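Peer 1: So the sequences go chain by chain: A and B. For the first sequence, the numbering used here assigns the number 1 to the initial residue and increments by one for each residue that follows. For the second sequence, the numbering used here assigns the number 1 to the initial residue and increments by one for each residue that follows.
FYI, nobody ran anything at the bench for these hints, they're computed from the structure. Only a predicted model underlies this, so the values are computations on that prediction, with no experimental measurement involved. Take the hints with a grain of salt, since some may be wrong.
To be verified - Pair ranges (Cβ atoms, derived):
1. Glu114/A - Asp253/B: 46 to 52 Å
2. Arg117/A - Ala169/B: 40 to 46 Å
3. Ala169/B - Gly161/A: 23 to 29 Å
4. Arg257/B - Gly161/A: 39 to 45 Å
5. Val98/A - Asp224/B: 23 to 29 Å
6. Arg20/A - Ala115/B: 55 to 61 Å
7. Glu114/A - Arg5/B: 55 to 61 Å
From the three backbone atoms N, C-alpha and C, an ideal C-beta is built for every residue, glycine too.
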Amino acid sequence: MTACTGRIAATARSRTVGSRIAASLLYPLGLPTLLLVLWGLVATRTTSKFFPDPLTIAEAFRETWVGPAFVEDVLPSLARLGLGVAGSIVLGVAAGTVIGLTHWLRELLEPLLEFLRAIPPPVLIPVAMLLLGITDTMKVVVIISGAVWPILLNTIEGVRGTDSVMKETAESFRVSWWERLWFLVLPAASPRIMAGVRQALSVALILMVISEMFASSAGLGYRIAYFQRNYLIAEMWSGILLLGLVGVFLAVAFGLVERRVLRWYHGIREVNRA
Amino acid sequence: MPDRRTLLRVEHLRKVYEATTGDVEAIGDISFTMDAGELVCIVGPSGCGKTTLLKCLAGLLRPTSGVVEMDGSPVTGPSPAMAVVFQEYGRSLYPWLTVRGNVELPLRHKKLTRAARNKLVVDALEAVGLAHAARSHPWQLSGGMQQRVAIARAIAYQPDVLIMDEPFAAVDAQTRADLEDLVRELHASRTISILFVTHDIDESVYLGQRVLVLSTSPTWVQEDLAIDLPPERDQITTRALPRFTELRTHVYDQIQRAKRGQVAAPRSVP
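Extracted from the complex, chain A is given alone in its bound form (with noise of 0.2 Å):
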């Protein structure tokens, strides 16, 4: 019976992972495919030199990336993308959580940190080349004074919104300063920090390519306004191709950190939903 019961459960179990690994990969894939055979069927038909096919875009992204260029462009850029992003979130978090801990810290400067926010993070190179020359640190700040925001404002908020039952029950238990940031506050606010985090990655990611294209002799974003303005079409191409592509890996190297970090969050969701 339950020999019976276990090799039908088996069978059926192996074809619905089957279907399902069809499944997984038919629906991301299926529309990008689609998409590029358009591409192809255009670029055929066009006499536009500014839409070359993508088997020729694949070529250039060959001989382009795959090689010395990869070494002195890309993880260069890759390098900046990663202290900066660190870079914001060891401040956004840190000065989050003292200023969404301290209510008068957070009445003074919560008007001024609007205002910080608003200002576009573009604009900021031209400062930032004055006061630190075209070095990679400017290049860093740069990605820093962007990316920072969405991580520092929604820290103060996670921090503010702990819960007042949570904050007591520590308080009743004498739990000390440090295991209350280590084991409630920042656990509480990890949800919305985790929602900045998301934020500050496309913001880091678009800054890493402008800060390059001014002043700048090697990287990604360098590379790309190079090729445009030597009308190399199809290696401008490929340069846009590699930067979705670091991006969409940035995308999934970040669900699955957050994944892991926010399981119990996502555990609740799914408890509640059931």
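Put chain B on the given structure of chain A with help from the hints.
Peer 2: For chain B alone, kept in the frame of chain A given last:
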């Protein structure tokens, strides 16, 4: 018989909430004492300031005037000799920690060896019948089990007094009966005093050795009633005793009178 020293002494406790729309006197004048090892229930009409009283006792709120003394020394803040079980277990347990992590958290600042801490956690979870759920998260458990976790956290803290604020108000009747028996069992098996606040009259009579009946707000102790039921109690036979019915009728009457405001406040008495 355990020693009958006074553990908790409350004298002329008064709490006024100041508000721009006018002050609200939540607690008028509460005085009572509690001996070590006692299980005292506090029952009163809804909105009578039970939670305010508990917060004052636990050192979470400062009374406007009056004294709360624990073992002879005044309570000015949360005391290591007290542990609170809150009504809202869903907001009192931390969902990002496992059951084990929740029970362990208050012990982290106590200077214990890892082994000693571990023993307290395991022991407390066993006492509430949740040894198997140590690695689950609170939200994976039923309401009754979550409140068991909160109780385990409180007893692992090894307080002299366990303060329970309507802990079973949000669980279903059957679970509630089990949890009531758990409280009585913990009280009997551990040298722990319990102050149990409830709005449920039957529950207060079934659980308590003494029942304090509170008046409506501004609150004072309307009656201090000894529950002379046998110490061995169970849900069926105890609740069927004629004496149980008498006591609960008495408490019920007292609360009805309190609601109608028929009892004079003691403040006129010097």
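Peer 1: Determine for every hint whether it applies to the structure shown.
Peer 2: Here's how the hints hold up against the structure:
As the Cβ distance of Glu114/A to Asp253/B is approximately 60 Å, the hint placing it in 46 to 52 Å is violated. Separation of Arg117/A from Ala169/B is about 44 Å and conforms to the stated range, judged on CB atoms against 40 to 46 Å. Evaluation of the 23 to 29 Å hint for Ala169/B and Gly161/A yields a pass: the beta carbon distance comes to about 25 Å. Against the hinted window of 39 to 45 Å, the Cβ-Cβ separation of Arg257/B and Gly161/A comes to about 43 Å, which satisfies the hint.
In this structure the supplied range 23 to 29 Å is violated for Val98/A paired with Asp224/B, their Cβ-Cβ distance being about 49 Å. The hinted range of 55 to 61 Å is not satisfied by Arg20/A and Ala115/B, whose Cβ atoms lie roughly 46 Å apart. As the Cβ distance of Glu114/A to Arg5/B is approximately 59 Å, the hint placing it in 55 to 61 Å holds.
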